[in-house]
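In order, the protein sequence lines correspond to chains A and B.
Letter by letter, the first sequence follows residues 1 to 412 of the numbering used here.
Letter by letter, the second sequence follows residues 1 to 321 of the numbering used here.
In short, the hints are calculated from the structure, not lab data.
Among the clues, some could well be false.
To be verified - BS3-like cross-link-like pairs, simulated, lysine-lysine; straight-line CA separation at most 30 angstroms:
(1) K354/A / K61/A
(2) K83/A / K118/A
(3) K83/A / K128/B
(4) K81/A / K87/B
(5) K128/B / K212/B
(6) K61/A / K118/A
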Amino acid sequence: MHVRHLTTTVAAVAGLAVTLTACGGGDDSTSTTGGPLQLYTWVSSQSDREQWESFVSEAQKEDPDLDVTIEGPSFADYWTKVKTRLSGDDTPCLLTTQAARAQELSSLLMPLDDLVEKHDFDLSEVDPSMLEGMTVDDSLRAIPYDAEPVVLFYNADAFTAAGLTPPGPEYSRERFLADATALTTDDHKALAVTPGMFIPAAWATAGDASWLNGDGDLDLTNADFVAQLQDYFDLVAVEGIANPPNAADAADVAQQAFTSGDVDMLIEGPWMYGTFDEAADFTLGVTIVPSPSGRPHGMTAGSGFGIAANCDRPDDAFEAIVALTSTGVQESLAASRGIVPARAEALPAWAEGKAPGAADVVTALLGNATAQVTTPTWNQVETLMTQYSVEGYRGQRSAEEILRTIQDSVGG
Amino acid sequence: MEVTTGARTAAAPPSAPDPHGGGRPATARRTRRRRDDSAVAGLFLAPGLLGFLLFIVVPLAGSALISLYEWPLFGTPVFIGLDNYTKLFGDPAFFTALTNTLVFAFVYTALNLALAIAIALWLGTRMKGAGIWRVVFFLPVITPMVANALVWRLMLSDDGVLNSTLGGVGIEGQSWLSDSRFALAAVIAMSVWQSFGYNVVVITAGLTAIPKEILEASRIDGTNPWQRLRYTILPMISPSLFFASTMTMIGAFQVFVQAQVLTQGGPGESTNTLVLYLYRNGFSFDRLGYASAIAWMLFVVVMLVTAVQFAGQRRWVNYDK
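With the rest of the complex left out, here is chain A (with noise of 0.2 angstroms):
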């Protein structure tokens, strides 16, 4: 072969390689030149595309012009993807977080308050927790649309015939442990619990504990939340009114040993509710997460939109979040969906169907509630005491033991 045929050649993989290239670009619809604006969020499966598109269809109903398309990965690839998405071209206006994810996403994220002044956005109307949680560096990152504080489901049936009285609005912890005790056998235990970070720090706020200082930055070590989760661990390891979690068990064991009536009781977000109610054959019970003095003290976690730091038609985008976020959007999806909303004038539509005195539980936690703020490396944090958090429920570690390490590792 000669060498102008290699050229030749070289020119024509060069020529296919950069044809390649330019059809990885994606489409054009970008939102830089008008259009439809992106919804970039976590669509894990139809349930969930179909939840966006619930937004989407009852929004168009307050806003007609409103046009929304909806992309994104899995929940659990969410977190990452989004960071290249957003570092890439034809990139979304409107994303979705959680309030825990807030301080993680915040560079992401463009501050909201001058657009709330614009368009006298009326933020007194929406749960005052979960806007503190969805606040990094003391600017708004994104509307929620829900409020979810954690609370104790049980098996109100499994309570009647042990003759013990099922909890509403007010549950101490000294209560708890007297009705686990009594519903716990050898080969039977009261409650669930799952490795990680989320249910603990829902425990450790009912008990008016806090894993960050004033400042807001880590501080797993202080004495009172060491003493919450000390608590907590001790439930399994001394009081054994539930089983030791295994290493890599994520939340569905909890939730299965929950639904199949092999525990009675475990703490969850509310937007269980639905999913439990269909798949237990037993009366189901809600309650707050037990508090020292009985006392409702909610750790509210929750979703909501923010726009792209770099979107560069914010006006249209909060426009859209203004619809999106109505009292008529959460109203349906409170009752078709099962959200908690975060307006509490749209909560009535939440508690239909569900179990009388529901509703006052959720209204009363969020009457005295408090978002489950984190820290940028709340990741690192969820990730090292969910590996440690076994050994703190078997006795073998201490809560203090575990929580210096996790902060010595994350740092400030």
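Position chain B relative to chain A; hints supplied.
For chain B alone, coordinates are given in the frame of chain A:
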């Protein structure tokens, strides 16, 4: 082969005559032809070389570059020189992950080879159904690792099959995956089960290549089976063993799925491995620079271990037939 000749000529010393100078016509023709050959050789090499450049050299260089930055997935990277490496050497979790990985690699490789040799020898004893057994042992290799690990997780969980079986015969079970004394051993056991079938095939191939005359001669010389294994069979299959040990060891350093699925690196850090730690730093903790530094340390460790294996082969690998 013409291509090889051309390539070798292309690398000839500068004293070769200049084809455009005043050399003899025959030499000029030969040189021109050799130049054409080198172009052909280049073309044949190009696809492989292009792949090597694109998928090995460029990512390696890119990773080295990223390791010098604080590099988030979104945002502007900041050049920090060797700070990631300095931090790495002061990070206890890194050393725990390194130790776990080294323990895993050596124990796993040793058990894997011992089991593979034993099974391959057993299958070579003219037993009935050897072919079926070979398939049975190979099945885990072609089954997705995640599926295998999930099944093992169910078996080894506190209320899993193993503890139920042990309980049935009056032995109290253990938290195989959730007790730091057993977790790494459980990960190793699952990994050996998953992959020793591959080495059974490699070693079986080595065994079948041993000339029967040699084994017969050693029998006539009055050796017992153990002596034949030690002084005849093992030296004869040493190239297969060298290949199997090197590849198994390199694979062992990349252990990830087993730890992720069986134990998530826990309890504590007892099963955290370098690749799991690397992955989490890069894609969960948003520290691509730090993850790249870990990747480079892993690369260095694997290179060193492999280099030691290659250096040591002269002592025990026998290529004579």
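The hints, checked one at a time:
no.	hint	verdict
1	K354/A / K61/A	holds (26 angstroms)
2	K83/A / K118/A	holds (28 angstroms)
3	K83/A / K128/B	violated (58 angstroms)
4	K81/A / K87/B	holds (26 angstroms)
5	K128/B / K212/B	holds (20 angstroms)
6	K61/A / K118/A	holds (23 angstroms)
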